[in-house]
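**Student:** The primary structure of each chain is shown beneath.
Protein chains: 2
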Amino acid sequence: MSTNVRVVVDAMGGDNAPGEIVKGALEALDGQKNLTLIFTGQQKPLEAELKKYKYDKNRVRTVFAEEVIEMAEPPVAAIRKKKNSSIVTGLTMLKHGEADAFVSAGSTGAVLAGGQLIVGRLKGVERPPLAPLIPTSKGVSLLIDCGANVDARASHLVQFAKMGAIYMQHVMGVKNPRVAIVNIGAEEEKGNALVKEAMPLLKECKDIHFTGSIEARDIPYGAADVIVCEAFVGNVILKLFEGTSSMLLSQVKKTLMTSLRTKIGGALIKPALKATLKDFDSSKYGGAPMLGLKGLVVKTHGSAKAPEVKHSVIQCVNFSRQKINEKISQQFAKESPES
Amino acid sequence: MSTNVRVVVDAMGGDNAPGEIVKGALEALDGQKNLTLIFTGQQKPLEAELKKYKYDKNRVRTVFAEEVIEMAEPPVAAIRKKKNSSIVTGLTMLKHGEADAFVSAGSTGAVLAGGQLIVGRLKGVERPPLAPLIPTSKGVSLLIDCGANVDARASHLVQFAKMGAIYMQHVMGVKNPRVAIVNIGAEEEKGNALVKEAMPLLKECKDIHFTGSIEARDIPYGAADVIVCEAFVGNVILKLFEGTSSMLLSQVKKTLMTSLRTKIGGALIKPALKATLKDFDSSKYGGAPMLGLKGLVVKTHGSAKAPEVKHSVIQCVNFSRQKINEKISQQFAKESPES
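So the sequence lines, in the order shown, correspond to chains P and H. Quick note on my numbering: the first sequence kicks off at 39 and runs consecutively. Quick note on my numbering: the second sequence kicks off at 39 and runs consecutively.
The following block holds chain P by itself, in its conformation from the complex (with noise of 0.2 Å):
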């Protein structure tokens, strides 16, 4: 890989497409002078965005794909007929290393499965999950796997836990992260069978600091920075963390309005828990890297705007600079010559 680092940006995926996408893009552009940017997408909505827009035209290309996978679209089929839709294009650019990266707001069904099927497994990994960083009261922790892969095996919950310690010790600079594995109690004979299995391949683990079970209650206070569960599991946590939050505050914040004396008292709080709640935004971090894929793929909300596309395109930098991939090349390979 070259000191250059090429992110493929997907134009058309996610609610504020292409608007907020190339915004989001090109802003990530100033603060990194290695970087280069290749849009996909229609090209008439997509030359329309660029123009507004002064940047640098030597580190901005463009590569058109005139078909759109949608978001109801079941994945598989899309990603197999819809070889001229912008996630394809990109993550086949991806495949024949034309690119380090590509960030994607679209149809995650599809983005993962596009990131199995045409970019493929590093030598070694079983299974690629997608991990992303929710917000705790004390920073922010990796969730892993949170979509990819239902009923995984104990193997790969080890693997998880494996690329999951590489990701928050050298993209997020956590020294020595603890690793915990999703559970229902803290005592020992506790869990379902999955865990039951994976709990002592974990505790054998010399790759990893593995800190036992972590409850579901414990997850928010940031207990572990790297949290290992079965995409089933994982799914469940980063939705109802996001549910849970937004209707409470959306309580909080109706409780506001319902009096004179309640809105003074809202005027007077609103700039503190303004900033309360941007340390909950873990937009700033970028989106959700799948690992273990021979290039980096991140799934941003489909519903990002240009913040978080600007620091998900600035994670595939340092992605690609701290040599993730041939961090987790080096561990896994050692370990599966076959596969």
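Keep in mind that the hints were calculated from the coordinates and are not lab data. Each hint should be verified, as a subset may be incorrect.
A pair holds if it fits inside one copy or across any two, identical chains being indistinguishable in the list.
To be verified - With a straight-line Cα cutoff of 25 Å, these simulated DMTMM-like cross-link-like pairs (lysine to aspartate or glutamate) come out:
no., residue 1, residue 2
1, 292, 105
2, 176, 317
3, 241, 189
4, 133, 87
5, 95, 108
6, 316, 68
7, 82, 108
8, 228, 53
9, 95, 280
10, 343, 253
11, 277, 253
12, 291, 317
13, 372, 256
14, 301, 164
Owing to the predicted nature of the structure, the values given are computational and were not obtained by experimental measurement.
Following the hints, put chain H in place on chain P, whose structure we already have.
**Tutor:** Below, chain H without anything else, positioned relative to chain P:
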């Protein structure tokens, strides 16, 4: 079952035993004419506690049990060894028909294990689930199963759905309760193997109003009345919901203390905020019933105080009065005559 309802109360279980337990249970007597209380626990502390109150002595009995099951003890071993504990004594009375219901704030594992091993299942019930009520922005939903049966099968989930619907309709007064299964997407093809297997069975089931999948982000908004899932996922949902709520509220409180301005604002909004948060206090509905046993077992929070204990006892009266177990029996016995 006589119109008189006999509730055994574990006076030794929980962080606030026996003080808050005895207080709360006695408070339930006032509005419930046909209620009889039976306290189980160590003689000395129990008698000392009861002495503090005036109550109708004809409606309160004590059955002494000098052993105490600690929170950290392995549940099954504790149930087998400590025959003279308040939990085993209470559950044994239930088994022999000497009581109609049992309320405990003690070890969840011991109560669940004891429920299965001592009280026993109703005919046709494969696994008795633990079903706490969780507060939502619309009221309250039943989360079933939430800790009793890890690695459940699809047929268990269908039974949970039926028992949950009966409970919500007859104890909580929800007409034609909406039953949904926790899933990681609304689309037909989503889900893990268990959910995919359970989905058609739930759709075919004529005894419930099944509305399909519920994503975790919609749970706090009350998108279903009965939320069906296997115990590992249910436990994660319950604990993450509690953890996220408490973490966010503590952050809001902290924010209100940052400056004079926010302190004044906080003082202005405090009464309204308290009223809002009270809506999210599920303890006013009682504890979590363990459904499908030959008698009613209700598990309250380990941290339960008098109001939750009081409401749990009232919950037992409603449960018995509505003949929930007869309703469950009727439905399940016809299905599995052989079991």
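**Student:** Looking at the structure, which of the earlier hints fail to hold?
**Tutor:** 1, 4, 5, 9, 13, 14
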